[in-house]
Amino acid sequence: MRTYLLKRLLLIPVTLLGVTFITFLVMKLAPGDPAQALKAQAAGGNMTASEQNVQAQELWKRERHLDKPLLTQYGYWLRDLARLDFGRSFMPPREKVLARIAEALPITIAINLLSFALIYLVALPVGIVCAARQFSWWDRALTIAVFFLYSLPAFWIGELMMKFLCPPFPTTGYQPHEIGELGFAGWLAAWARHLVLPVTCATYAGFAFLSRQMRSSLLEQVRQDFVRTARAKGLPERVVILRHAVRNALIPIITLFGNLLPEMIAGSVIIEYLFSIPGMGQLFFAAILERDYPLIMGIETISAVLTLLGILAADLLYVAVNPAIAYD
Amino acid sequence: MTDEAAVPGRSYWDIVTRAFRRNVVARVALWITTALLALAILTPLLANDRPYAFKGTMPGEYRRAYSQVVRGAWFALLSLPQQLRAEREQFEQGTATLLQLKTRIPIEDLRTIYDPLERLRRRAESRPDIRGRWVSGDVTLREIASELAPAEAAALESATRRIRDGLPALYRDRLRDILTGIETKIGEMADQLDPALRPKAAAVAALFRQATPGDYVFSAGGRTPALDAAKSAFQETLAPDRVTLVPAWRFPIFDALTALDVFFIVAALLAALAFGPLAWAGLRRLRPAGRRLGIQASIAILPAAALALLFLALHHPRFGTVSYKAGLKDGSIVAESAFWPPHRYRYDEVPEDAAERRSPPSRAHPLGTDFMGRDLLARMLWGSRISLSIGFLSTAIAVVLGVGLGALAGFYGGWVDIAISRLIEWMICFPRFFLILAVVAFLPPSIYYVMLVLGLFGWMGIARLQRGEFLRLQNQDYVTAAAALGAREGRIMFRHLLPNSLAPVLVAASFGIASAMLLESGLSFLGFGVQEPATSWGQILFTAHGQKEWWTLVIPGAAIFVAVTCYNLVGDGIRDAVDPRLKV
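Here the protein sequences line up with chains A and B, keeping their order. Every letter in the first sequence is one number past the one before it in this note's numbering, and letter 39, counting from 1, is 39. In this note's numbering, each residue carries its 1-based index in the second sequence increased by 328.
One should not assume that every hint holds.
Every beta carbon over 10 angstroms from chain A, so not counted as near; a handful from chain B, in silico [claimed, not checked]:
#1 R399
#2 Q411
#3 G509
#4 A625
#5 P670
#6 R760
#7 F762
#8 A810
#9 A842
#10 G850
#11 P884
#12 G885
#13 V892
#14 N896
If the Cβ cut is set under 7 angstroms, some of the chain B residues that face chain A in the computed set are [as the list claims (entries may be wrong)]:
#15 L498
#16 Y499
#17 L503
#18 A599
#19 F603
#20 Q875
#21 W879
#22 A887
#23 I888
#24 F889
#25 T893
Simulated restraints, written as ranges between beta carbons of each label pair [said to hold, decoys possible]:
#26 A/R94 <-> B/F699: 33 to 39 angstroms
#27 A/L121 <-> B/R350: 20 to 26 angstroms
#28 B/R800 <-> A/P252: 17 to 23 angstroms
#29 B/P694 <-> A/D80: 55 to 61 angstroms
#30 A/Q134 <-> B/D681: 57 to 63 angstroms
I should point out that these hints are in silico values taken from the structure, not numbers from a laboratory. Where is the CB? At the ideal position from N, CA and C, for every residue including glycine.
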């Protein structure tokens with residue numbers, strides 16, 4: 001187990017390096033010079049170059065190491081990363097990148113955690129029912145329903161909801177600042193009302209994957225000898241399935257949220273864009289539109305770290321739950 | 329089911345296809361995906377604004393070609409000697425500009441005077457009075473020469489002299505181009521004439537060719553008697569009011585096709601033939617299934633490729649931008665009979681009539697129009713090509729990479745396996761969507777980048793499956809037998825292991841197509857995917873964001889939903905057909 005854990009832990013910095021380096025390369029390959037863009041912005045589009053401006057531009061570039069070779073720039077960035085300094089955003093107001101991310105991150109995490117909980121809450125029973133009554137009417141209907149949901153594009157459903165459901169529900173999402181006027185219960189109700197549509201959009205696609213996995217995992221367990229023994233002992237079918245088979249079937253399922261995590265973080269870009277939720281997805285979208293390099297690098301790194309942490313947590317849980325590999 | 333496998337002659341794929349066919353839902357889904365694919369391939373023939381064929385004349389084009397010769401080309405011809413003289417004088421007297429020097433100077437001379445010119449330019453940067461003229465290239469050669477050292481000035485002088493001497497040759501080339509243009513135009517006009525008149529047209533073209541002796545460019549005023557004679561012959565024989573145009577069959581649809589379109593359309597039709605009627609007729613008796621598949625594929629692909637190459641070599645689009653519908657309406661095209669595609673609109677057709685914008689579904693526009701008045705059915709059809717091709721191409725890249733690397737890892741084992749497995753684990757952790765967003769947002773917008781990134785970051789699952797299958801199959805008896813008979817490693821891999829291990833890969837590929845389509849529509853929806861005027865289903869949703877018209881919102885989304893569902897169902901069907909454990 002120690003070697004297994006060590007292997008997984010070692011993977012994190014290597015992957016981080018890979019992700020950040022690729023993002024860094026892509027950004028540098030982009031046509032367009034951030035210094036020029038910034039100057040144009042400052043001059044209001046008026047680009048008459050004077051000698052002082054040329055000098056100022058050179059100084060600005062040298063400050064940000066934009067005149068050094070690529071690998072050196074990457075090295076500087078890594079050094080700053082070690083100090084958790086992501087630099088300042090290019091966009092006005094020029095706050096620190098870490099501050100902007102820290103503002104937006106909790107919102108995204110809240111929505112994603114809520115979605116995860118809902119997905120597990122719904123998909124596990126669906127999978128169990130499908131497996132317990134394989135090939136019956138329930139199995140077919142639920143499979144079709146879940147398939148149906150998986151294939152609906154989230155942004156389409158979001159748009160349709162906004163068009164047809166919006167008079168009852170609000171169109172913009174998260175409102176974190178309303179506590180004062182409403183009191184706690186009122187705040188909770190408002191929060192819930194704002195979040196129903198976005199969370200629904202983010203959640204329904206995950207049902208299919210998880211319930212199918214639960215179904216096939218449980219089916220595998222149901223064919224095992226211990227289930228036959230339990231049935232032969234005369235235990236009611238419900239106890240056989242729920243108390244004995246499901247436990248073993250849950251083992252691989254627990255690790256699956258490592259698979260779900262990257263998709264959720266990615267999907268949040270679309271959901272937050274649609275419902276105007278000020279989370280990481282929307283921040284990333286705005287950063288790309290403005291070509292705000294430090295912010296983009298910061299967000300990519302943080303989301304890569306979160307993804308990796310999620311995968312690591314899934315692996316740890318797997319080790320904790322599955323006695324078979326504890327002695328690896 | 330189990331004793332079917334024991335019957336001699338039933339291969340693994342026979343069993344799988346039999347089980348798949350028993351699954352009604354998957355079969356229906358397969359038909360739907362095939363229909364979508366067929367619609368996408370045949371779109372240029374189904375929704376286009378030009379007719380397949382029409383019998384008639386194009387007087388508008390004739391008149392346009394005529395006036396292009398009589399006015400444009402003629403004046404260009406006449407002004408050549410004057411321009412030559414003027415330019416020669418400029419270079420002789422040093423009034424030519426730096427820009428002209430840079431345009432005319434040969435490379436070897438440029439190398440010698442480049443450094444002095446750079447030095448002067450840098451010096452000029454600090455003098456606001458002349459810097460503007462240096463930047464725009466307006467400073468004259470005489471001014472430049474005055475600031476150069478004697479040796480450099482001499483180099484400049486000799487360069488200038490060489491330019492002056494080379495000017496006549498340059499102008500003669502331009503003359504030749506203009507004359508070739510005139511001949512081509514006469515050829516186009518002759519196409520519409522009575523066959524009896526065509527020799528006369530050829531004679532006029534010949535007159536133009538012969539009217540320009542070698543030293544034409546030095547004649548005063550640019551006119552020679554021969555040239556005048558050619559022009560009057562042209563005006564007498566070919567003037568629009570003096571000829572009657574003869575109706576002939578024309579096929580404008582070919583101008584709207586590319587060689588790739590031709591390949592896919594012919595291949596699709598031949599494939600329908602090979603897998604349908606021909607298969608029923610006799611091919612089904614051919615065994616093994618692999619050989620039969622190979623023959624059917626060759627029947628479909630080889631003639632299609634040949635025809636496409638032929639098309640590429642022989643087809644020269646003419647009248648490429650003519651609007652046939654407008655022409656028929658205002659009389660510049662006269663047609664006795666015409667055969668139109670079923671839907672007479674293209675995806676980028678913007679009508680001048682503003683009343684057609686935002687119109688709901690009607691007889692003329694079965695799916696309505698968008699905010700610019702473009703027909704939605706045409707946009708959906710043309711958009712399906714991009715949506716489906718992104719799915720297929722990116723999955724193809726992922727499959728090739730995944731099968732290749734997975735096979736290597738599974739077959740060779742050892743450190744190859746370890747290295748590839750680590751690579752897979754490492755790349756699985758990448759946040760794919762964010763990387764894709766970064767790539768499409770920074771690099772110039774092109775769907776090919778999207779396809780490449782989707783493929784490059786989607787092969788890991790397939791590689792894992794392939795590796796697992798190879799590890800499982802390696803110890804089968806037929807592999808040992810093949811090795812004992814002396815088969816090389818490559819042969820064992822390709823001929824024996826690969827065909828039997830492809831089933832899980834097919835499943836993953838099917839799901840991969842579905843998810844690639846979803847991803848592409850998501851990207852286009854954010855505005856980062858396909859750019860105007862090209863269209864894809866996600867892009868239509870992008871333009872529909874925040875608009876009042878429900879049809880631009882509901883229909884593309886429904887189409888994406890149907891396509892993705894069907895691909896998922898097919899994948900699920902194959903998975904169920906292949907997995908022995910799910911059958912009790």
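Tell me, in ascending order, the numbers of any earlier hints that this structure violates. 6, 7, 9, 10, 11, 12, 13, 14, 15, 16, 17, 18, 19, 20, 21, 22, 27
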